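**Q** These are the residues of each chain, in order.
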Amino acid sequence: MTLLTVTSLTKSFGTQTVVDNLSFSIEEHTSTALIGPNGAGKTTTLSMLTGLLKQTSGSISMEGINDIRRVIGFLPQYPQFYSWLTALEYTEMTAKLSGVEVKKARMQSQKILEYVGLGAALHKKTATFSGGMKQRLGIAQALVHQPKLLLLDEPVSALDPVGRREIMNLLKEIQNETTILYSTHILNDAEEMTDQLLFLRGGKLVERGSLKEVRTRFDEPRIKIQFSSPSEALQFTSQSELPATTEGSVVFVDIVLDQPTMQQLLNHLANSPFTVEKVERVTASLEDIFMKVALDHESV
Amino acid sequence: MSQFSVLVQKELRESWRSFKLLWIPLVFILLGVSDPLLNYFMMDILKAVGGMPEGFEMVMPEFTPADILAASTGQFQSVGLIVLITAFVGSVSRERQNGTATLLYVRPISYVSLFLSKWVVAVLVAIVSIVAGYAASTYYTIILYGTVEWDRFFAMVGTYIIWICLVMAITLAMSASFKTVVAATITIILVLVGLIIDSFIGSFWSVSPWKLANFALALLSDYYDKTDFVITLGLSIGLIVLFIIIGIVMSKRNASTTKI
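If you read the sequences in order, they're chains A and B. Under the UniProt record's numbering, residues 1 to 300 are what the first sequence spells out, in order. Under the UniProt record's numbering, residues 1 to 260 are what the second sequence spells out, in order.
No wet-lab data here; the hints were simulated from the structure. Treat each hint with caution, since some may be false.
As the list claims (entries may be wrong) - 20 Å max Cα-Cα, derived EDC-like pairs, lysine to aspartate or glutamate: (1) A:Lys111 <-> A:Glu173; (2) A:Lys148 <-> A:Glu27; (3) A:Lys148 <-> A:Glu173; (4) A:Lys125 <-> B:Glu11; (5) A:Lys224 <-> A:Glu277; (6) A:Lys224 <-> A:Glu287; (7) A:Lys212 <-> A:Glu192; (8) A:Lys292 <-> A:Asp254; (9) A:Lys224 <-> A:Glu247; (10) A:Lys134 <-> A:Glu89; (11) A:Lys124 <-> B:Glu14; (12) B:Lys252 <-> A:Asp67; (13) A:Lys124 <-> B:Glu11; (14) A:Lys134 <-> A:Asp160; (15) A:Lys125 <-> B:Glu14.
This one's a predicted model, so the numbers in the text were calculated from it and none came from an experiment.
All chains should be modelled from the sequences, with the hints used to inform the complete structure.
**A** Structure (structure tokens):
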């Protein structure tokens, strides 16, 4: 079932259009990654979804819901808390403000804080929290009222590798229970947890689809052959008639991957005097695709 | 209503834990005791300090309890107001500037509750401070100068509290409208420069909210025009409502300037 529909969403500041005619929809219980370089309009898009910014034109709708703010949870990139409140007091306050019954608010807050791993810090003031703990508290306040849609702005980019790993694992767990839309410029994260990719560039949606779809669209199968030395690699490239490029002792061969050509290539290698260490088929990483999408549209 | 009480609780916790509810009343108590004590012991202080020419005779004016309370009010009107304004002028704007407001604005909150909760708690802190200040001043006034008429005294404190409600409404409305620094400047101009102007050329008019403190003091004696007082009171209450409405509208309008 479609949870959120965004139609022709546009935001301009003066003459500058930051988000340009953006349309997409999000299915229930899926994760969507909003990818794009800095300044692509990711945060602006999320701000409009949360109602913090009013769009210049276009619409954001959820079926059967008037005030979207009631059913979303939002985690900004750098969440700021009231330093004089404890984690439990803060979460309880946000729960009540989001409409959780007063009686249930405390219990629900306690549960969610334990869930995100802050069980030992319930009564600590947020001023003493580390970056990772703040991010956990941020997730707790976004989840405490059991929102239908969780919006996360760069949820892990400010964290160190350990913190990032922990938060990613937490998000993967949450993914099973709710719908997530998150922005990121860290492509490994997107690769790890996503059903739908939305590529933004210059405020425009330039590419979308599942990771698999996007991959097939952009994939140029290549064969990577690792020789034992650069000179062998160079010799191989000059001898063969294949479209090949050399990078050190590695040769990349761009060919359409079917059985006969593969056979031909392997025969060729077997008969050659060179020491072949590895032959491997490489698929484009999300980073390759990202660069490609970004550059493609730059030249337009 | 429950949202309002949650927000009031939050503001109260802030005032309590940042010690505003402690140090601001303390400042007012200090201001309150300074006039009755200084005036009463002035001769002794001068003698103790010495340096008086031989045969120097000084006649200290005879102060009435009302004179002393007027002097204390003067202190509240200058130092006291600056303390209250600076303590609360960041109430709305600072939360936007440091981004703490973001996580409130993305919830289905009403800006009426949001602004009123801030005003109510600011007024509460101000009232506690003023009552503490006047209590301290009156305590020493009664011991050193003689008693005051209680019904008149309470009428004076009550009237002064209306003036403070207006000052806090202006402070928070400016905080909702502008960045902290700009808000502070405009509030100080509106309130303190307004008071100075009113004291210089205020004899040309008899009704003005800046005269509210003068009316409060006049209530202690009998020299005042009842109609002018009632009109000023009505005008002030009208202005309180107006600034609260400005505050609510501007809080909502400026919500998108919060740091994300």
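**Q** Please go over all the hints and tell whether each is borne out by the structure.
**A** Results of checking the hints against the structure:
no. : hint                  : verdict
1   : A:Lys111 <-> A:Glu173 : 15 Å, holds
2   : A:Lys148 <-> A:Glu27  : 11 Å, holds
3   : A:Lys148 <-> A:Glu173 : 15 Å, holds
4   : A:Lys125 <-> B:Glu11  : 16 Å, holds
5   : A:Lys224 <-> A:Glu277 : 11 Å, holds
6   : A:Lys224 <-> A:Glu287 : 18 Å, holds
7   : A:Lys212 <-> A:Glu192 : 12 Å, holds
8   : A:Lys292 <-> A:Asp254 : 16 Å, holds
9   : A:Lys224 <-> A:Glu247 : 10 Å, holds
10  : A:Lys134 <-> A:Glu89  : 14 Å, holds
11  : A:Lys124 <-> B:Glu14  : 16 Å, holds
12  : B:Lys252 <-> A:Asp67  : 16 Å, holds
13  : A:Lys124 <-> B:Glu11  : 19 Å, holds
14  : A:Lys134 <-> A:Asp160 : 13 Å, holds
15  : A:Lys125 <-> B:Glu14  : 12 Å, holds
Checked against the numbered hints given earlier, the structure satisfies every one of them.
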